[in-house]
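J.: Taken in sequence, the protein lines are chains A and B. Mapping the first sequence onto numbering that gives the first Met the number 0, position 238 (from 1) lands on 237, and the numbers just tick up by one. Mapping the second sequence onto numbering that gives the first Met the number 0, position 189 (from 1) lands on 188, and the numbers just tick up by one.
There may be inaccurate statements among the hints.
[Claimed, not checked] Calculated lysine to any residue pairs in the SDA-like style (CA-CA distance at most 25 Å, straight line):
#, chain 1, residue 1, chain 2, residue 2
1, A, 271, B, 129
2, B, 234, A, 301
3, B, 75, A, 62
4, B, 238, A, 56
5, B, 108, B, 81
6, B, 75, A, 204
7, A, 154, A, 204
8, A, 271, B, 99
9, B, 75, A, 56
10, A, 201, B, 129
11, A, 176, A, 271
12, A, 153, A, 104
13, B, 81, A, 60
Keep in mind the hints are simulated off the structure, nothing from the lab.
Spelled out from the first residue to the last, the chains are:
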Amino acid sequence: MSDLHVDFLGKRLAGPVVGASGTFGFGPEYADIEDLRLLGGISGKGLTLHGQPGNSGERLYETPSGLMNSIGLQNPGVQHFIDHELPAMRQCGTTVWANLGGHTIEENVQGVEMLCAAGVDFIELNISCPNVKQGGLAFGIRAADASEVVSAVKKVCTVPLIVKLSPQAESIPEMCKAVEAAGADAISLCNTFQACAIDLEKCRPVFSNTFAGLSGPAIRPIALRMVWQAVGAVSIPVVGLGGILTGRDALEFIMAGAACVQVGTANFMDPKACTRITTEIGQWMDAHGVKTLEEIRGCARG
Amino acid sequence: MSAISCELTVLEQTAPAADIRRLAVQWQDRSHEPHAGQFYMLRAWAADATPLLSRPISVHDFDERTGALTFLYQVKGEGTQKLAALKAGDTLTVTGPCGNGFDAAALAKAGKIAVVGGGIGTAPLLLLCKALARAGARPDLYVGFRDEPYGLEAFVPWCASINLATDSGVQGHHGLVTDLLNPADYSLVLTCGPMVMMRGVAKLCAAAEVRCLASLEGKMACGLGACLGCTCHTKVGPKTVCKDGPVFDAQEVFEL
């Protein structure tokens, strides 16, 4: 039997698959669906310091092999999360990744301080949400802006800091190098791709914000290219995500050099996707005589 | 009761009307049985096939004795067309039971109850009427259809009266179902149907100061409260139709 564990930033992850932010609630939603102890972790719904109601109008739209969303970071706020959601998230039997995306540097710093004090395993700093007007993606386009917020957050962050990048960064390698230099302990990429859909009957965009984030298998090969670039640009671990639906998809990211992967949209196509993908990775490893993920991580790079 | 995900076998599929299907499947898990007003995410296609999302369909009926679980739905797009192609012996993947549903045992204590449905919104009302009747509160049913009604015979054993309205006048009252309803006659009104109909029912109830619960519909990705794709902005903040609902106090969701 293959060993699926991943040593990641000082923690032992039970497996290489982490539930991606925004698709997995805070974990308990899936507790009766699959065995969450098999996961590497759960990245919770993206938080903002004060919480927000999210966007009005359409929030979901299906495309060929993809899903567009415009949730707009609907969340209860950091304190509510700490008081009401975190205790149950801790009971899921896997690592807790608190995903935070502040509107300003100050909000990010304060949120990270509160989350670290409350006790989470990792902070995933989201500088890549395409669906909010202020902040979010504003930090994720130019390397200098990302560097500024990451440096400020790093000063107060007492747990490993993962920075989640947008595919819209001006240059993925430059962005990765900047956040590494600013103190990020790891990088995760990529968030959704900004996209558009038009409602023909209404002669208007489907989404109130005109643009929305595209995820799912449609974007997987592009995400994989970006993960490849990120791994080549930095020496910190890279968490790969973008349209992973099968064990083979996940293995591509690992062979490109990803430390572990996140699974998002696939949870909506198969609610047991995270554990199924974990099983499929193990089956592939068994069939190919691979004992640990270490043996194949980055092997495609030659 | 929280949701599970599993593969089920189709017992039977029939067509009560041209674009309406009644799908019966064999539910297996006795520790996660559905109640009135809950729904399932149905998927009769592979994880990597289109459409990308599973389709939320409300529970029409459930037989605790045999485990037969029935859905009544309208064939509208690619997802429901694929569901409509299912035949006895085929399998499909389901996630559920999802949502809060109606607490029929508690509601039955309210006194005299009206149940108001419109079109395919009548689907979740059968199990509701059955549960209310079994709890000793046989409701009066008010239903509106655009044209030919369907599925009403199943309600007969569980309702004190059935009051029908059709837009076309083909059967029953020629007009709106809300023309027939006088909420002041009731201590509780339960409704499911088009938003415009439910808003009308909620308005009448508010004027008569009668409590009204409405079961909403929403486009959703997970059905579990995880994605927040189906959020409904209520007077008490954002709520998920899939997990906080689909049953809400009508005063909270409708501007009256």
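J.: Evaluate each hint against the coordinates.
T.: Hints, verified against the model:
| no. | hint | verdict |
| --- | --- | --- |
| 1 | A/271 - B/129 | violated (33 Å) |
| 2 | B/234 - A/301 | violated (58 Å) |
| 3 | B/75 - A/62 | holds (17 Å) |
| 4 | B/238 - A/56 | holds (14 Å) |
| 5 | B/108 - B/81 | violated (41 Å) |
| 6 | B/75 - A/204 | holds (22 Å) |
| 7 | A/154 - A/204 | violated (42 Å) |
| 8 | A/271 - B/99 | holds (22 Å) |
| 9 | B/75 - A/56 | holds (21 Å) |
| 10 | A/201 - B/129 | violated (41 Å) |
| 11 | A/176 - A/271 | violated (35 Å) |
| 12 | A/153 - A/104 | holds (11 Å) |
| 13 | B/81 - A/60 | holds (19 Å) |
Consistency note: the structure conflicts with the earlier hints numbered 1, 2, 5, 7, 10 and 11.
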